[in-house]
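So the protein sequences, as listed, match chains A and B. Position one of the first sequence corresponds to residue 1 (the working numbering), numbered consecutively onward. Position one of the second sequence corresponds to residue 344 (the working numbering), numbered consecutively onward.
None of these hints come from the bench; they were simulated from the model. Incorrect hints may appear among the rest.
No farther apart than 25 Å at their CA atoms in a straight line, the calculated lysine to aspartate or glutamate pairs in the DMTMM-like style are these [stated by the list, open to error]:
#1 A:Lys55 <-> A:Glu108
#2 A:Lys190 <-> B:Glu606
#3 A:Lys127 <-> A:Asp93
#4 A:Lys188 <-> B:Glu606
#5 A:Lys265 <-> A:Glu311
#6 A:Lys324 <-> A:Asp276
Single-letter residue listing:
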Amino acid sequence: MTTFWAKQRTTVFGAIVVLVTAGVTAYALSAIAENDRRTSTATAATTTSLTQIEKGPRILFRHTGRDADYGHVGAVALADPGGARALTDLSCDRVYAQAESISCLTTERGVVSRYRATDLATSTPGKAWREVDGADLPGLPSRTRISPDGQLVASTVFVNGDSYMVSGFSTRTLIRRIGGASYGDLEKFKLVVDGRRVAPVDRNIWGITFADDDRTFYATVATGGRTYLARGDLTERSLTTIADHVECPSLSPDGTRIAFKEADKDGTRWTPAVLDLATGRRTVLAGETHSIDDQIEWLDDDTVLYGLEREGEPVSDVWALDTKPSATPRVLVSEAASPAVLR
Amino acid sequence: MYLSLSDRPTTGAEPRQTGGRVSRTVVTLGIVSLLTDISSESVSAILPLYLTAVVGLSPVAYGLIDGLYQGVSSLVRIAAGWAADRTDRPQPVALAGYAMSAVARLGLIFAGGFGTISAAISLDRVGKGVRTAPRDAMIAASSDPAHLGRSFGVHRALDTIGATLGPLLAFVILWRIADGYDTVLVVSLGFAVLGVATMACFVPFRTGAVRRVTPRRSEPRIKAPKVRWRTVLTPGLTRVTGVSAVLALLTIGDGFVYLALLETGGFAAQWFPVLYVGTNLAYLALAVPMGRLADRVGRVRVLVLGHLPLAAAYLCAATGSGMLWTTCAAVLLLGVFYAATDGTLAAVAGQLVPETVRASGIATAQTAVALARLVAATGFGLLWYAVGPRVAMLAVCVVLVAAIPAGLAVMRRAVR
Chain A
1 MTTFWAKQRT TVFGAIVVLV TAGVTAYALS AIAENDRRTS TATAATTTSL TQIEKGPRIL
61 FRHTGRDADY GHVGAVALAD PGGARALTDL SCDRVYAQAE SISCLTTERG VVSRYRATDL
121 ATSTPGKAWR EVDGADLPGL PSRTRISPDG QLVASTVFVN GDSYMVSGFS TRTLIRRIGG
181 ASYGDLEKFK LVVDGRRVAP VDRNIWGITF ADDDRTFYAT VATGGRTYLA RGDLTERSLT
241 TIADHVECPS LSPDGTRIAF KEADKDGTRW TPAVLDLATG RRTVLAGETH SIDDQIEWLD
301 DDTVLYGLER EGEPVSDVWA LDTKPSATPR VLVSEAASPA VLR
Chain B
344 MYLSLSDRPT TGAEPRQTGG RVSRTVVTLG IVSLLTDISS ESVSAILPLY LTAVVGLSPV
404 AYGLIDGLYQ GVSSLVRIAA GWAADRTDRP QPVALAGYAM SAVARLGLIF AGGFGTISAA
464 ISLDRVGKGV RTAPRDAMIA ASSDPAHLGR SFGVHRALDT IGATLGPLLA FVILWRIADG
524 YDTVLVVSLG FAVLGVATMA CFVPFRTGAV RRVTPRRSEP RIKAPKVRWR TVLTPGLTRV
584 TGVSAVLALL TIGDGFVYLA LLETGGFAAQ WFPVLYVGTN LAYLALAVPM GRLADRVGRV
644 RVLVLGHLPL AAAYLCAATG SGMLWTTCAA VLLLGVFYAA TDGTLAAVAG QLVPETVRAS
704 GIATAQTAVA LARLVAATGF GLLWYAVGPR VAMLAVCVVL VAAIPAGLAV MRRAVR
């Protein structure tokens, strides 16, 4: 046995090398072919010109169809969200827009990936969007929001402490004035949890939503294994918790309610929910049975929007859900993610 | 040399390489590590993207998975060292560890949810914990004691080449195939299988075995010896482990050093992820020279004094105030620190215990250091927020510089 093995081990090893190389190469080649086929296929959706869409209220989104326009920013008319879409050449991982400003977070893949936030202006309908400001990001794009007047932009990224022996993870959230100064890392803001000033090591802040006074915002603050809804103040540079068990808040257009995703007990599945800021009453929108991992957007004062990936298919759709507890969700824009409503 | 080896019985089951060349087994083990590291680091490079962008986990869930990375590995390491010594067969124990990680890669390809992904990642880390100490015991057993440091240097250099090539490979795939995460996982599985095959085919079953085996069936089987902690915890190992653990308590983790550099503004945020590449390259270039140096001037001395570049890195990060050269220096000094200490710790630990419990000895020292670093990371986090990065780094730097001569004195007594 031993001598047999001594003689045959080179043959066995050679056979394994051939098998593994052949298998991996075949897989990679078919993946390349599939990729090339996909990136040269025109979109199946009906398209129209951006000029046409920009004439009225609209929904901006990230196109997720597995075609040549994958990842590009698209727009549909608010009056006909299932209808023709305009597709642009702008490619974003996350996109958001308010007033005349667009925030686009991108990943430049490399041996070392680089991440960037770009701010664009849409002043004239039909005219090309113009880059007005931007910033490098220290990690993977996660969320972006713009204030209702289009002046402030927030971005949340995952910073992953790539290192040789210790791995770490955190989020980093920044707020900037477009064309102006940065408010810096929100972890440096004064933090008040349950009425007490604290400075925990493990704090993470993500998912900003802006009020319309150019000063107040809301965010998720996580510390000690709990998540809180915090009200932030840009002038005082402070964050004060006002509720717990809230993630990725989104303020309704009338400023009275917060839509968010509520985690289950393991913190791995989320259900959309709405919190009334005046009464503190929570409504869990259990009509959505899938786990939602998106920062919710408001279609109007009674309807929320979010992106949801199809099962077993890397394509997202934007769903609409009424904020009544019994409501059931429906697809509003297919092959789309990262929705932003421009009224 | 502080280490006196004249009283060690030399009953190795295989002849040791005594000439100027590095043992073939050491090189083969290095190639196994290289293949395995290409596999694991290509996945690590895309894991954050894959989990958050494709699988759709939120930051918090991803944080939980990342936490698994740290804890699991240390716990199984001692058990695996013990198993390798108890059976007197480090090769199959290490092979099992490599095989577990290969199975974990396969699991990751099919994993779709939080539970299955964390299971696959845990299995990978268990595999890493299982293989490390038996493998280092085999390196020690196959090397000429006079060139032990160099042997570990060669192994660590090959290992780090794999760790550098892995992310590069992942990048090439994602550059050619826009959403080629599945392809990265499949290629990674391929390299893991090649690593296991290399180990199984070219590292003999009896590598690192100490006791003579009975070739004839008629003789009664030799009873497996008991591995007692008393045998493992020799005064020498206890001191080296103790000193290394205390120094590890002052090792705050690369992540914090990089964050401090980001804080002081020595580079644009976009270069943040490139820092570890610099550290890896310095480690890669210096692993063998540092091993040779350790063989010449004393391994314990290099192990302890290897913390000086770490202190210098803290100093650069704390006082650099955003100059490019201090940033580069800090990143490279971290690599010097790893080159001087990582392989050397295994080399020193393996020599301070009887050969029959070598894997347990190495595992003990490595586990103590790993756990101390976990404590250090948490503690330093508190200090960071309490007094700010600069003061915190300077404080740790001062204590570390003070601890180095003390550690040297304690260790010198231990191994003379």
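**Study point:** Proposed proximity, Glu606 (chain B) with Lys190 (chain A) (alpha carbon, max 25 Å)
**Key:** holds, 18 Å
Practice item. Quickly compare the C-alpha distance for Lys55 (chain A) and Glu108 (chain A) to 25 Å and report which way the hint goes. Key: violated, 32 Å
Point to revise | Satisfaction of hint between Glu606 (chain B) and Lys188 (chain A), Cα-Cα up to 25 Å | key: holds, 12 Å
Check your understanding: Taken at face value, is the distance from the CA of Asp276 (chain A) to the CA of Lys324 (chain A) at most 25 Å?
Key -> holds, 13 Å
Check your understanding: Holds or violated: are the alpha carbons of Lys265 (chain A) and Glu311 (chain A) at most 25 Å from each other?
Key -> Satisfied, since the Cα-Cα distance of roughly 23 Å is no more than 25 Å.
Practice item. Measure nothing beyond the straight line between the CA atoms of Lys127 (chain A) and Asp93 (chain A); if it is 25 Å or shorter, mark the hint as holding. Key: holds, 23 Å
Of the numbered hints listed earlier, the single one contradicted by the structure is hint 1.
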